[in-house]
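Colleague: Given the coordinates of chain A, assemble chain B onto it according to the supplied hints.
Spelled out, the chains give:
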Amino acid sequence: MTPKLYEQVCCICYEALQNEMARRSSFLNRICADDALLRREVEAMLAYEVQEKSFLVAPALVIAANQAAEVLNVEKGP
Amino acid sequence: MCEPSAEITNLLIAWSEGDREAIDRLAPLVHAELHRLAKSYLAKEHHDHTLQPTDLIQELYLRLIGWQNVHWRNCAHFFGVAAQIMRRILVNYAIAQKTMKRGGRTQHVTLEEAKVVFSAPTPDLIDLDIALEKLTALHSRQSRVVEFHFFGGLTIKEIAYLLGVSVGTVKRDLTLGKLWLLRELGRGLINDAETL
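From first to last, the protein sequence lines are chains A and B.
Quick note: the first sequence uses the numbering used here, first residue 1, plus one each step.
Quick note: the second sequence uses the numbering used here, first residue 1001, plus one each step.
Pulled out of the complex, with its shape left as it was, chain A reads as follows (with noise of 0.2 Å):
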């Protein structure tokens, strides 16, 4: 995919997550027309709208610090 693609991907994507999902079939055959690879590129990126909202939600940080803390806590024991 080139980044102009990608572009275009985002925009429609990011417009259909603001539509209903009963509405999103309409939208995406109006702006998608006949571009199939477009349209593919978009569903397959909305299929996972749900997974999307618990994704990376913890920061990394805070699992680099429980690490030290985990194993320095076990060195020192109870």
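These aren't lab readings, by the way, just hints derived from the structure by calculation.
Nothing here was measured: the structure is a model prediction, and the numbers come from that model.
Do not take every clue at face value.
[Said to hold, decoys possible] For lysine-lysine, the following DSBU-like pairs were computed, each having C-alpha atoms within a straight-line distance of at most 35 Å:
| # | chain 1 | residue 1 | chain 2 | residue 2 |
| --- | --- | --- | --- | --- |
| 1 | B | K1171 | B | K1157 |
| 2 | B | K1171 | A | K4 |
| 3 | B | K1171 | A | K53 |
| 4 | A | K53 | B | K1157 |
| 5 | B | K1157 | A | K4 |
| 6 | A | K53 | B | K1134 |
| 7 | A | K53 | A | K4 |
| 8 | B | K1134 | B | K1157 |
| 9 | B | K1171 | B | K1134 |
| 10 | B | K1134 | A | K4 |
Modeller: Positioned in the frame of chain A, the structure of chain B alone reads:
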């Protein structure tokens, strides 16, 4: 408070002046610093002996930002470095764990294995790192927003301020960036399954 090693300071200077490889040498040193800080916390005999990760991170950040002779151009520059260091630390950790397990059953190291409870399936850190690089080629700001948010631990508002864009733009970038990453990671899983 101990002074950080001259090596760390020199590497930070090198990185801030454009030496992209300095971060690879910097990450293990900062990781060691994180462990040292954790140790000093324990030595202070906290009441419940439980380390607070956020305290540790704040102190690490304060030490990073205070290191002398490193001229941070602005806040974004500093937090960009911090986010990249955290990213490198975690990815190096995942690579090390994966190497240790080589020879045994094939298993990817996930964030879950880094003792973190997530409410959603967790990605393979190494795959996430690679996918993030690919996203940079497609949309560098989206990649940066994800890096600031996930690896740098910054809020949406902080990222907006640092990048000089609106909160709405950051929300949009984060949502779309994560959707693309999920798709990319999902595609990898399908490819893996096909090669089994």
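Colleague: Confirm or reject each hint.
Modeller: Hint by hint, here is what the structure shows:
Restraint check: the Cα-Cα separation between K1171 of chain B and K1157 of chain B comes to about 9 Å, which is no more than 35 Å; the hinted pair holds. Note on K1171 of chain B and K4 of chain A: the hinted pairing holds, with a Cα-Cα distance of about 20 Å set against a maximum of 35 Å. About 12 Å separates the Cα atoms of K1171 of chain B and K53 of chain A, which keeps this hinted pair within 35 Å; it holds. Distance check on the hinted pair: K53 of chain A and K1157 of chain B sit about 18 Å apart at the alpha-carbon level, within 35 Å; holds.
Our distance criterion of 35 Å between C-alpha atoms is met by K1157 of chain B and K4 of chain A, whose separation comes to about 27 Å. Our distance criterion of 35 Å between C-alpha atoms is met by K53 of chain A and K1134 of chain B, whose separation comes to about 21 Å. Annotation: proposed proximity of K53 of chain A to K4 of chain A holds, straight-line Cα distance about 26 Å (limit 35 Å). Between K1134 of chain B and K1157 of chain B the alpha-carbon distance is near 25 Å, which keeps this suggested pair within the 35 Å criterion.
A distance of roughly 20 Å separates the Cα atoms of K1171 of chain B and K1134 of chain B; the hinted pair therefore holds under the 35 Å criterion. As the CA atoms of K1134 of chain B and K4 of chain A are separated by approximately 15 Å, the hinted pair is consistent with the 35 Å bound.
Of the numbered hints given earlier, the model fails none.
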